[in-house]
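Two chains, two separate frames, one set of hints: put the complex together.
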Amino acid sequence: MSEASLWSTFGAAVRRDLLLAMRRKSDVLTTLFFFVIVASLFPLGIGPETDMLRRIAPGVLWVGALLATMLSLSRLFAADYIDGTLEQMALSAVPLGVLVAGKVTAHWLLAGLPLALLAPILGLQFDMAPRALAVLVASLVIGTPVLSLIGAIGAALTLGVRGGGVLVSLLVLPLYVPVLIFGAGAVEADISGLGASAHLSLLAAMLALAGFFAPWATTAALRIALE
Amino acid sequence: MLEADNLECVRGERSLFRGLSFQLDRGQCLLVQGSNGSGKTSLLRMLCGLLAPARGTVRWRGQPIAALGDAYRRELTYCGHHSAVKEELSAAENVELAAALAGRPVSKKATRSMLAKAGLRRREDLPVRVLSQGQKRRVALARVLLAGSALWLLDEPVTALDADAVKWLAGEIDHHVERGGLAVLTSHQDLPLAAGPAQTLRLDQ
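Residue numbers (our numbering), protein chains in the order written: chain A, 1 to 227; chain B, 1001 to 1205.
So here's chain B without its partners, still in its complex pose (with noise of 0.2 Å):
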C-alpha cells in the first residue's frame, strides 16, 4: 500500500538519510526511530507530500503520490509537531472546524463522543487557551481518531500525555490496525501496542 523507494532527504547542504526504503501492508504499523536530527520529521512530511524527497519516490497503491495528489490526501491524516489546535476556539469547535476544512465533516454528536473518549468530557467547551498540553494534544488526537482516513502519520503523538491517554491511544491505534489501517509513528517513548509495530525503522545510521 505505502511504499518508499530509495528516498533521500537534503536539508539545507546536509544529507539526512539517503537509499531510504520500506513497504507497508494494510494492517500495519510502522514506528519510526531515530536522534533528534536524524530526520523523523522530514519522513513523515516527505510521506504526506509537504516535502518533495531531494531523491526518490513514494508510492500509494502503486502509484507515485504526487500524482494522485488530492486522491491521496483523502486517505491520510498527519499530525505533526505543531497541533494545528486554535487556542481561541473550544475543544470541541476545534475538532469540527478541522474535520471540515480536511473535507470530511463530521457530526456535533460524533464530536462529542470521541472528545469524551479522549478524556475531554465536561471540557469540550472551554477554550483551548485553558487546557494544559496535554490535553490539547488529546484535542489534536481526537481530530485524527474521528478523520477515519487510512492512513495515520503521527509525528510524536505520545508528547506530553499521561499514562492513561498513552494507553488509550496505542488501543486505537491497534484497533485501526486490525481494521486494515495503516499507520506510521515516530516516537521517542514505547508505545504498548498489542501487537508491537510490525516493522522499526532506524535512522541513525
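Chain A extracted, bound-state conformation (with noise of 0.2 Å):
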C-alpha cells in the first residue's frame, strides 16, 4: 500500500465524517451550545466582579471545554458500530489506524477547533487581557486534539456497552486531568508573567504522545469492540 493512497483514504475518512456532520448539524451544535451556555452562566452568576472573573476564566473555559468535548464522544463511533460500518473499515485494505486518525481528525475540526475559536469570544465576558485570550486559543488548539485522541479510545472501549456514556466518563477524565492543569495553567502562567511557554511546551509533548498512541490502543479497542 503505497503512502499516496494512505493519505487519500485517511482524507477520505476525514470528508466523509464532515459531510455527515454537514448533513446532521444539530449534533455539532449541541457541543457548541453547551459550551457557550456554561461559559456564560458563570460570569451571570458571579456578577460583575472583574477581579474574579479574571481569576477563575481559564479554568472555568477549559472546563467547558473539556466538558464539551466529552459530550460528543459518543457520537465518535457508536452510529459506525450500528449501521455496521465500523465493520467496513476493519475489513478495508487499509491499516485501520489510518480511518481511526481521520475519524479523530474529523472529530476535532468538529468538536475542538470550533471551541478554540468561540473561546475568545467567551473570555471577553470575563473581562480577559488580549494577551491571555491568545495564550487561551493556543492552549486550546494544542490541548483539544489530545482530548478528541484520549477520548477516542474510551469510546471505541464502551463501544456496545449500555450506560456508556457514563463509563466514557470515568474512564477518560483522570487521563484529561492533565490536559486541564496544563491548559488552564498556561493561561494563568501568562497572566502571572511567567510566561505560558513551558506550559504550552509540556501540552506539545502530550499532544506527540497521544497522537503516536492513542489510534493504535483506538484501533486494538475497536478490533475487540467488532468480535
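Derived by calculation from the structure, the hints in this document are not laboratory data. What you were told as hints is all true, and nothing was included just to trick you.
Straight-line alpha carbon distances no greater than 20 Å define the calculated DMTMM-like cross-link-like pairs of lysine to aspartate or glutamate that follow: (1) Lys25(A) - Glu1087(B); (2) Lys1109(B) - Glu1093(B); (3) Lys1136(B) - Glu1087(B); (4) Lys1136(B) - Asp83(A); (5) Lys25(A) - Glu1093(B); (6) Lys1117(B) - Asp1164(B); (7) Lys1136(B) - Asp1125(B); (8) Lys1108(B) - Glu1088(B); (9) Lys1136(B) - Glu87(A); (10) Lys25(A) - Glu1088(B); (11) Lys1136(B) - Asp1164(B); (12) Lys1136(B) - Glu1172(B); (13) Lys1136(B) - Asp1162(B).
Below you can see the structure in the form of C-alpha cells.
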C-alpha cells in the first residue's frame, strides 16, 4: 500500500465524517451551545466582580471545553458501529489505524477547533486581557486534539456497552486532568507574568504522545468491540 | 484458494459448530445453509477475519488469514446483515465513500453505471433515508460489485430484494464465478444461479 493511497484514504475518512456532520448539524451545534451556555452562566452567576472573573476565567473556559468535548465523544463511533460501517472499515485494505486517525481528526475539526475559535469571544465576558485570550486560544488549539485522541480510546472501549456515556466519562476524565492542568495553567502563567511557553510545550508533548499511541490503542479496542 | 480447517465457533457457552472444514477453489461458489442461530453469520465473520475461531484456521492461498492481514483484506468484500449504508448520504455518495474507505477508490462514472445496473437510475442523488429497504440493499450490493475483489462473502444478500433484483444478483454472481472469483453466500431463499452452487454446507447437524 503506497503512502499516497494511505493519505487519500485518510482524507476520505475525514471528508466523510465532515459530510455526515453537515447533514446532521444538530449534533455539532449541541456541543457548541453547551460550551457557550456553561461559559456564559459563570459571569451571570458571579456578577460584575471583574477581579474574581479574571482569575477563574482560564479554568472555567477549559473545564467547559473539556466537558463539551466529552459530550460529543459518544457519537464518534456509535453510529458507524450500529449500521455496520465500522465492520467495513475493519475489513478495509488500508490499516484501521489510518481510518481511526481520520475519524479523530474530523472529530477535532467539528468539536475542538470550533471551541478554540469561540473561546476568545466567551473570554471577553470574563474581562480577559487580549494577550491572555491569545494564549487561551493557543492552549486550546494544542490541547483539544489531545482530548479527542484520548476520548477516542474511551469511546472505542465502551462501544456497544449499555450506559456507555457514563462509563466514557469515568474512563476518560482521569486522563483529561493533566491536559486541563497545563491548559488552564498556561493562561494563568501568562497572566502572572511567568510566560506560557513551558506549559504550552508540555501540552505539545502530550499531543505528540497521544497522537502516536491513541490511534493504535483505539484500533485495538475497536477490534475487540467488533468480535 | 479459501480453506477452512476444523473450525469451531463458540458463542457465549454454546458451541455452534465444530470440526467444520471445506475447501473452495477458483471459480466456485459455496452456499451455507442452516436454521436461524446455527452460526451462518458467525462463519462468514470468521472467514473474513472479524471473528477469531475458537479452534481451527482459515487459510487463503495456503496461508492463515491472521498472518496475511491487509493482504487478505485487499482481496475480499463482505456484505453483512448491517448494510453499512448511511441514511444521510445519497446512494452515489455512499458507494463512492465506502469504496474510498476500503482503499479501492472508484470513479463517479463507474458508480453511476453500477447503480443504474442495480436498478437505481435517477435515484443516485436521493438521500438513502427515502429509499425502500430493498433499494438500500441494492446500494450495499452495488458497493460489493464495484470493489472487484476475488472473494465475495455475502450474508443473506437477497433479503428484501424483489424478483428482478434477485435475478440481477444471481447473474452477477454467475459472472463473478465464471471469471474465476470465489463467493460464499448464506441464504434461505433459492438463488437462481446458472450452474448452481458448487458446494453446499449445512450447519444444522
